[in-house]
Amino acid sequence: MNGGRRVVITGCGVVSSLGNTPEELYSRLAAGESAVRIMTEWGTRQAAAPVDLPESEIRSIPRAKRRFMGRVAILSALAGRKAAESAGLSEEEIHSDRTGCVVGSTIGSTTEMESSFRTLLVGAGVAEMSPMAFFKCASHTTAFNTASLLDIAGAVYSPSAACASGLQAAGIGMAMISSGIQDVVLCGGADEVSPLVSGCFELMEAHASTEGQPPDRIARPFERGRNGLVCGEGAGILVLEEYEHARARGARILAEVYSYSSCRCPGSVSQSDSSSILRCMRDVYRQVDFTPAETDYISAHATSTRQGDKAEADALRAVFGDSVPVSSLKGHLGHTLAASGTLEIIAVLEMMKHGTLIPTRNLEEVDPECGGLDHVREPRPCRIRRVLKNCFAFGGINSAMLFGDVNE
Amino acid sequence: MTREEIVEAVNTAFEEMEIPREELTPEKEFFKDLGLDSLDMVDLMISLQRKFGVQLRQNEEIKKVRTLNDIYDFFVKLDAQRNAGDGSAK
Chain E
1 MNGGRRVVIT
11 GCGVVSSLGN
21 TPEELYSRLA
31 AGESAVRIMT
41 EWGTRQAAAP
51 VDLPESEIRS
61 IPRAKRRFMG
71 RVAILSALAG
81 RKAAESAGLS
91 EEEIHSDRTG
101 CVVGSTIGST
111 TEMESSFRTL
121 LVGAGVAEMS
131 PMAFFKCASH
141 TTAFNTASLL
151 DIAGAVYSPS
161 AACASGLQAA
171 GIGMAMISSG
181 IQDVVLCGGA
191 DEVSPLVSGC
201 FELMEAHAST
211 EGQPPDRIAR
221 PFERGRNGLV
231 CGEGAGILVL
241 EEYEHARARG
251 ARILAEVYSY
261 SSCRCPGSVS
271 QSDSSSILRC
281 MRDVYRQVDF
291 TPAETDYISA
301 HATSTRQGDK
311 AEADALRAVF
321 GDSVPVSSLK
331 GHLGHTLAAS
341 GTLEIIAVLE
351 MMKHGTLIPT
361 RNLEEVDPEC
371 GGLDHVREPR
381 PCRIRRVLKN
391 CFAFGGINSA
401 MLFGDVNE
Chain A
1 MTREEIVEAV
11 NTAFEEMEIP
21 REELTPEKEF
31 FKDLGLDSLD
41 MVDLMISLQR
51 KFGVQLRQNE
61 EIKKVRTLND
71 IYDFFVKLDA
81 QRNAGDGSAK
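These protein sequence lines are chains E and A, in that order. FYI, the numbering for the first sequence is 1 to 408, going by the working numbering. FYI, the numbering for the second sequence is 1 to 90, going by the working numbering.
Worth flagging that the hints you see were computed from the coordinates, not collected in a lab. All C-beta atoms in this analysis are idealised placements derived from N, C-alpha and C, irrespective of residue type, glycine included. Heads up, a few of these hints could be off.
Said to hold, decoys possible - Listed below are several chain A residues computed to face chain E (Cβ distance under 7 Å; list not exhaustive):
| hint | residue |
| --- | --- |
| 1 | 42 |
| 2 | 43 |
| 3 | 46 |
| 4 | 48 |
| 5 | 57 |
| 6 | 60 |
Given only the sequences and the hints, what does the whole structure look like? Please build it.
Shown next, in the form of structure tokens:
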């Protein structure tokens, strides 16, 4: 449809607050679970949705590789390994220079940054800083560590675009395959939770209040009483592959990626803008031969901020009206930032398999500002063939991707 | 500190780098036998600095050690110097 080679999804790997397999993630989403809780271990009243990662799984990464990884890179590397296994890639295919890796996070490991700065500024100083600190804190820590664990030999890129990082990674992977640069690309995003990141959103008055509500109720996309987002952590990695390459090796094809677009939001770098969101969504449809009304599901970005949800709703209404069901998973998972795009795509792949749309959690009363859409508020049977995934990031970065059934 | 206490503290530092206790025999060399590299050695030195309360970065003697026994001997000597109070421990 876009003139280049066709791109399909042949595997996926997820590490999330609601499960470390796609099946478990779907099962717990379908059960309406929320991973949001008060982070008592931080010694504050901050809420977040952390991943429960057993030490045994962390230690499954050899020490020689793990010593370079902070938490965000561990999440990413584990998800990358799961994705490669899920795609059934042979050792030869994984290590081929035709196999690349595009993974991003908002920044490097915030936990390691805090530890390093404590040592540097309050502790014994640089003499007691580990040389591993750089590798754990570097912006491209998820990309090179995921590639390192799998011994990737192809191209490695690391988009650092906050909440759009994972979807941008998928878009870059798609372009690399479509243009013939690579045949297989592991792509996605990861982020970890920390008091620093949650605190930054609090300072911007973009974080949900934990007062007066149980923590699992405070992330409420599109809801009338919403007052901010909750940070979540996790990693979602997709294996994108050239269509003929996948068929030739008998790969299981999960979906086809039809189109991708990204554009900048003019004006403020901290506020969403419905006109540029509209432009981004229209561009993904420009590249395909079906109309917005022929889409079966919109996986919204909607993080539960007052301004962001409204801006997205305004744009969705202009393109779709109430003709296409829409929901957001941020009420279940929190906002997993860089991971959100690909992690939520993995959840949607499971929805496609089960033929059921997961509703927006905590959507008790749709805000009139977010009305005029077909909000999914209960599990809904649906033959899901074509999906729109949105991600919008601080810095004014919009991204959107269309994917779905393979066009035979 | 006794030599046994010093050996225990050094071995604990190596165990913290996930090297099993049974591999920590005195003649083992860090790079050749225990599979450590130069980055690991920096982390190890930081750990030993904390355990023994010393600064090692400017210490020329520590850069010559190659085996576990060399490190044991180094800290035994360092401890003796500290106890003698000649100030050369740092």
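Against the structure, the hints come out as follows:
no., hint, in the structure
1, 42, "5 Å, holds"
2, 43, "5 Å, holds"
3, 46, "5 Å, holds"
4, 48, "11 Å, violated"
5, 57, "6 Å, holds"
6, 60, "16 Å, violated"
In this structure, the hints that do not hold are numbers 4 and 6, in rising order.
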